[in-house]
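J.: Dock chain B against the given chain A, drawing on the hints supplied.
So the protein lines, in turn, are chains A and B.
Going letter by letter, the first sequence gives residues 3 to 569 in this note's numbering.
Going letter by letter, the second sequence gives residues 27 to 135 in this note's numbering.
Treat the hints with care, as some may be off.
What the hints assert, rightly or not - Looking from chain B toward chain A, a few residues come up when the C-beta cut is under 10 Å (computed): (1) G75; (2) V81; (3) I113; (4) L117; (5) S118; (6) E121; (7) G126.
What the hints contain is simulated information worked out from the structure, not anything from laboratory work.
Where a beta carbon is used, it is the ideal one built from N, C-alpha and C, also for glycine.
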Amino acid sequence: MSTTESRSAAAALLLAKSTTGITGLDAVTFGGLPAGRPTLICGGPGCGKTLLATTFLVNGAVMFNEPGVFMSFEESRDDLIQNVASLGYGLGTLIAQKKIAIDFVRVERSEIEESGEYDLEGLFVRLDFAIKSIGAKRVVLDTLEVLFAGLGDTQILRAEIRRLFAWLKERGVTAIITAEQGTGTLTRFGIEEYVSDCVLLLDNRVSNQITTRRLRVVKYRGSAHGTNEYPFLIDAQGISVLPVTSAGLEHSASNEVISTGIAGLDQMLGAGGFYTGTSILVSGTAGTGKTSLAAHFVEAVCARGERCLYFAFEESPAQIIRNMRSIGLDLQPRVDAGLLRFEAARPSLFGLEMHLARMYREIEQFAPAAAVLDPISALRGETGDVHSMLLRIIDLLKSRGITAFLSDLLSVDGMDKADASMSSLMDTWLSLVQLESNGERNRGIYVLKSRGMNHSNQIREYQLTSQGVKLIDAYLGSAGVLTGSARIAQEMVDAASAVRRAQDSERKHRDIQRKRAALERQIAELRAELESEEEEAQKSLQHEEECEKRLQAERRTMAIQRGGTGS
Amino acid sequence: MNQMKNTALQESPLPDGHYNLRLYVAGQTPKSITALANLQNICEEHLVGRYQIEVIDLLEHPQLAAGDQILAVPTLVRRLPEPLKRIIGNLSNMERVLVGLDLRSVAAP
Numbered sequence: 003m004s005t006t007e008s009r010s011a012a013a014a015l016l017l018a019k020s021t022t023g024i025t026g027l028d029a030v031t032f033g034g035l036p037a038g039r040p041t042l043i044c045g046g047p048g049c050g051k052t053l054l055a056t057t058f059l060v061n062g063a064v065m066f067n068e069p070g071v072f073m074s075f076e077e078s079r080d081d082l083i084q085n086v087a088s089l090g091y092g093l094g095t096l097i098a099q100k101k102i103a104i105d106f107v108r109v110e111r112s113e114i115e116e117s118g119e120y121d122l123e124g125l126f127v128r129l130d131f132a133i134k135s136i137g138a139k140r141v142v143l144d145t146l147e148v149l150f151a152g153l154g155d156t157q158i159l160r161a162e163i164r165r166l167f168a169w170l171k172e173r174g175v176t177a178i179i180t181a182e183q184g185t186g187t188l189t190r191f192g193i194e195e196y197v198s199d200c201v202l203l204l205d206n207r208v209s210n211q212i213t214t215r216r217l218r219v220v221k222y223r224g225s226a227h228g229t230n231e232y233p234f235l236i237d238a239q240g241i242s243v244l245p246v247t248s249a250g251l252e253h254s255a256s257n258e259v260i261s262t263g264i265a266g267l268d269q270m271l272g273a274g275g276f277y278t279g280t281s282i283l284v285s286g287t288a289g290t291g292k293t294s295l296a297a298h299f300v301e302a303v304c305a306r307g308e309r310c311l312y313f314a315f316e317e318s319p320a321q322i323i324r325n326m327r328s329i330g331l332d333l334q335p336r337v338d339a340g341l342l343r344f345e346a347a348r349p350s351l352f353g354l355e356m357h358l359a360r361m362y363r364e365i366e367q368f369a370p371a372a373a374v375l376d377p378i379s380a381l382r383g384e385t386g387d388v389h390s391m392l393l394r395i396i397d398l399l400k401s402r403g404i405t406a407f408l409s410d411l412l413s414v415d416g417m418d419k420a421d422a423s424m425s426s427l428m429d430t431w432l433s434l435v436q437l438e439s440n441g442e443r444n445r446g447i448y449v450l451k452s453r454g455m456n457h458s459n460q461i462r463e464y465q466l467t468s469q470g471v472k473l474i475d476a477y478l479g480s481a482g483v484l485t486g487s488a489r490i491a492q493e494m495v496d497a498a499s500a501v502r503r504a505q506d507s508e509r510k511h512r513d514i515q516r517k518r519a520a521l522e523r524q525i526a527e528l529r530a531e532l533e534s535e536e537e538e539a540q541k542s543l544q545h546e547e548e549c550e551k552r553l554q555a556e557r558r559t560m561a562i563q564r565g566g567t568g569s
Numbered sequence: 027m028n029q030m031k032n033t034a035l036q037e038s039p040l041p042d043g044h045y046n047l048r049l050y051v052a053g054q055t056p057k058s059i060t061a062l063a064n065l066q067n068i069c070e071e072h073l074v075g076r077y078q079i080e081v082i083d084l085l086e087h088p089q090l091a092a093g094d095q096i097l098a099v100p101t102l103v104r105r106l107p108e109p110l111k112r113i114i115g116n117l118s119n120m121e122r123v124l125v126g127l128d129l130r131s132v133a134a135p
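Okay, chain A solo, but in the shape it has when bound (with noise of 0.2 Å):
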């Protein structure tokens, strides 16, 4: 055993493997089965083993042209083109095809005489004969313990069991071989003895009334498995297993913003909205307008022309459509673009790991920029599983680069203890206020957390009116924020106040102004009083200028006369 598996271990890098097309299941098995190799899948009964191996057949024919055989001991094959016609499925088509080859082993006791030695040469020479008519590559036996109610020489039928498994392997051909489940064991006749490649048990249980089913690899040599068990869910498109359990903290961080469709509250947040790929949490009582915000925010996701998934748990897409168009958003001529998509559901419908494992389904198919959970708190169950079940969606969307958008309903008394612990995985956290005074309840906004951003640390007041949610700015006085009619009623007496001050300044601005004229008036007079003085000052100065050169003149004249010459 040990050296098989040392040498395996070498080998794991070169193992083949025959990929299941399954949703998640290759993503578990890292790749899928082993090819050319039996694999073993058991469970109890209604678990799914049927139908697990029959798309496994199905996506082969279609998906991978890998045509394979059918070889049933329980359905007939009417039956089985039936029942999984409802899924999908047109086995007829691809029978017709020479895709598919069924071959309905029909074993039953009482018509059976066992008398001497036998082998099971016939089984191997029906198989063979089914292989070679279409060239398969996959098979599928399903329920080979059958033949332990049909046929009485156990000890034949193992070594027989035994050769079929070699001689498959040898065949080269992937199979699948299904098997109830025991108590105790994996398989009710322990054929898990003879297959040691690959070993999956599927699983069915019920916890509150809810069903959830679950796969998990039990062993598979040569490779590495995820070893957790994983929910898997069977609905009209088929089966798919979700491998997410809990991702790393490896998803990068984005700078890049996206509005929140609402003008005030992404001038509220620093950057001017929400960084994509975050998580934004969206808290509130009854009736505070938590879907509005959130229709807001996938209209301006749907205006950036990106996708936008809406998981619904309240309300129907049509319901919640009809509303919207009460605030002025029609949502409808996004849905029909394609830009948004509305899955809804009852959370009562499945458990947590379904819900799980149907959103990371459709988020797989629809690849949306941004997803809506409105309400994750409709999401009921034990608070730990709740939790763990949004770490998980939450961790794949920011895996993924997805905006996610979560709505929450408090309780009138306020934070419920798993809102705490929802806080630490949230990087936006809006809380949605009653504030309730002078008879009315007006709606609050405040950011409670947003990190990586400088939000403001405001309590504003919104509406939801015809045309969107509006921010209004709160009154902030002395008696605190006031909303409602109490705002406008302060904001009456703050603009009767105004006015009285600007009549006011008015007023004393005329006063400066007539001061103003009237000392203008006085210096132009006086100006006028000095230059007239200047003037006359002037004018006596030329006078006795004058009267001085006449009379020096005349000193001269006399001078002259007396006989001098004068100097």
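T.: Leaving out everything else, chain B in the frame of chain A:
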């Protein structure tokens, strides 16, 4: 193995009480040879003149295996008289073969 066919193969109308037996084998293995020998002995002893044995080798005609729901080899199929009966094994346990062929009452005088 065609030479082992004892009587005519053509579907001629057979009288009541006639046994139409088919033995499915896969190659000339010891088991299949023993089975045929055992069958012939039983028929000669209990069904003289009113039986026909057809041996089908599945290695030559694999397509016939599904039709008669053959799983184990050797398998003896009693096609007539109705209802259809299957006996698997090398037919070494004669009692079981006689029960399977509804010949028990005939055998016990």
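J.: Give a verdict on every hint.
T.: Each hint tested on the structure:
Look at B:G75: its Cβ only gets to about 24 Å from chain A, farther than 10 Å, so that hint breaks. For B:V81, the interface hint is violated, since its Cβ never comes within 10 Å of a Cβ in chain A; the closest pair sits about 14 Å apart. Hint status for B:I113: holds, given a least beta-carbon distance of 4 Å to chain A, under 10 Å. Interface restraint check for B:L117: the shortest CB-CB distance to chain A comes to about 5 Å, inside 10 Å, so the restraint holds.
For B:S118, the shortest C-beta to C-beta distance to chain A is roughly 4 Å, which falls under 10 Å, so the interface hint holds. Look at B:E121: its Cβ gets to within about 8 Å of chain A, closer than 10 Å, so that hint holds up. Taken as an interface hint, B:G126 checks out: its beta carbon lies about 3 Å from the nearest beta carbon of chain A, inside 10 Å.
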